[in-house]
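> As a plain string of letters, each chain reads:
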Amino acid sequence: MNGWVVTVAICLLASIGVPLFIIMGLAALAAFTFSGVEVSAVAQEMYRISSAPTLMTIPLFTFAGYLMAESHSPKRLMKLAETGLGWIPGGISIVTLIVCAFFTAFTGASGVTIIALGGVIYPILLKEGYSEKYTLGAITASGSLGLLFPPSLPIILYGLIAKVDIDKLFKAGIVPGFVIILILSIWSIYNGPKKEVKHKFVLKNFLSALKESWLEAILPVAVLIGIYGGFVTVTEAAAFTALYIFIIEVFIYKDLDIVKDIPRVSIETMSLVSGILLVLCCALAFTNYMVDEDVPMKIFALMKTYLTSKYSFLFFLNIFLLIVGSVMDIFSAIIVVVPLILPVAHDFGVNPLHLAIIFLTNLEIGYLHPPIGINLFIASNRFKKPITDLYSASIPFVVLLVIALLLITYVPSMSLFWFN
Amino acid sequence: MGIVKKLDWAIEKFASSILVASILAILFCSSLSIILRWFQINLSWIDPFVRHLVLLGTFVGGVIATGRGNHIGIDLISKFLEVKGYEHAKTIVNRVILLSSGLVLIWLIKAGTDFTRVEMEFSKVEFWGIKSGFLVLMIPIWPWTISLRFLTLFILSFEKKEGAV
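Line by line, the protein sequences are chains R and G. Numbering-wise, my numbering comes out as the position in the first sequence, counting from 1, plus 23. Numbering-wise, my numbering comes out as the position in the second sequence, counting from 1, plus 9.
Read the hints as simulated data drawn from the structure, not as lab findings. Some hints here could point you the wrong way.
With a straight-line cut-off of 30 Å between C-alpha atoms, the simulated DSS-like cross-links for lysine-lysine are [to be verified]:
(1) G/Lys-88 with R/Lys-186
(2) R/Lys-283 with R/Lys-150
(3) G/Lys-133 with G/Lys-14
(4) G/Lys-119 with G/Lys-133
(5) R/Lys-150 with R/Lys-98
(6) G/Lys-15 with G/Lys-119
(7) G/Lys-22 with R/Lys-283
(8) R/Lys-98 with R/Lys-186
(9) R/Lys-223 with R/Lys-98
(10) G/Lys-22 with R/Lys-186
(11) R/Lys-156 with G/Lys-93
(12) R/Lys-407 with R/Lys-156
(13) R/Lys-150 with R/Lys-407
(14) G/Lys-88 with R/Lys-156
(15) G/Lys-15 with R/Lys-407
(16) R/Lys-194 with R/Lys-407
(17) R/Lys-156 with R/Lys-408
(18) G/Lys-119 with R/Lys-407
(19) G/Lys-15 with R/Lys-283
(20) R/Lys-408 with R/Lys-186
(21) R/Lys-234 with R/Lys-223
(22) R/Lys-234 with R/Lys-277
(23) R/Lys-98 with R/Lys-227
(24) R/Lys-98 with R/Lys-408
(25) G/Lys-14 with G/Lys-88
(26) R/Lys-277 with G/Lys-22
(27) G/Lys-22 with G/Lys-119
(28) R/Lys-283 with G/Lys-133
(29) G/Lys-140 with R/Lys-408
(30) R/Lys-98 with R/Lys-327
(31) R/Lys-408 with G/Lys-14
(32) R/Lys-283 with R/Lys-194
(33) R/Lys-227 with R/Lys-194
(34) G/Lys-22 with G/Lys-133
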């Protein structure tokens, strides 16, 4: 009886907006107390996070992403992509998708991409003749587009929680990530303006843009070669990326002032990182309690009575994750849900890398899924548009992303392309 | 209220300074460790030091996030109240959030204190001769600061029309 009262109270507190780390902490403290275990075990679990070897990659990659977002890097990269790909039909819109994917891969938090790039992209797309509805939808959707590409923060966090090799997860996301971009690119070509402004490829302009931005443009390639060439580990890549971006933005491009801007960016970075890691610290204790109590196995046993095959499980999982993605942010969802579904998925024979990509794609959709996908609110605030306009603008993109999700779910070879 | 505001301001400034120092130290130390490895020099303290800095940054960032009201949460009801323009109800909900968060953290501080006591007895050296018993002190200390901030904001919410979180 007491357990139910506490559970209802915790759910109520969560629904009114009590920070999730408090909710997780309270759930863990209550659970340990009811089961007669010392509450110091909760603090012990919180401290355990400091022994995770890949822990430092999270602040380092986030710092690099924030430094880029705060510099003139979005403008430089946009110019490079525009001069290189702008001549293709629907090219400008495709450029938008690619540049946003690049930024989201580094910042992890899609809000940063919409805020940093939205102001640059919005007038460009309107000038090219795209409708306002399409423009808003494209920017909102592309705000979470790079989540499957290295060195995406959600991938690192997933690897940390699920104890899956982060290098392998980075590889697994590449093909599905490109498939999503391809599907949205086809849509942008189809949805292009009737009288599109014709652009010619001018080598001189492209080389000039490349000269301006090559130090930033080579970064994703350098990270991939560094990690998969065996030159650096993921942690080392994170340190180098952060140091490299710090040096080029502060001392070479001089976009950021070491006294005025760096403290502000550092605080913003650590605020985001703290938000994620605090939830992680508190959730570790609670999810470990649930694993000890065999909760995943009980869920599995219950599912087995209704779901008979791996594919029906995956279908159910997608529906469940789409709901989770539209009420929780991606980081909380990874921390809370992954430990519960991992053993169940394993028993249904789902490859852990495939599961990771399905999981992240679902949450990517959740970002722009009405009624409370966070990208919708960020875009509404950024462009001063009513939220209902954002709903109607994002629906075609949600449909396209669900098609991509079905492909990713039922064609596992896309995620497992690089593995035997 | 003046002294409460000053206290909140002081916590914000102190936490911000630690946060900036932490991220720059994480960046510097992790880069230094890699560079030294090229010259076959291995400083074994760097890795645990940086990981503890991340943990410290996590808690200190929590102090800042509390003041700015940008903790991660599932605020279905708050969003609904905001959209509908129920300002008074939203203020009450905010106060419930601030007070309940502060109180839950006090329970967490108790857990942290118990754990520290145990760790002090059976701790091992992590780096620079510092035992883990001293390092885990950050678990009761920083949640205490976050709790103080929640409760400070709760008190200040009676002065302002809108509270944080």
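> So, against the hints stated earlier in the document, which numbers end up violated here?
Structure breaks hints 1, 2, 3, 8, 10, 15, 16, 18, 20, 28, 29, 30, 31, 32, 33 and 34.
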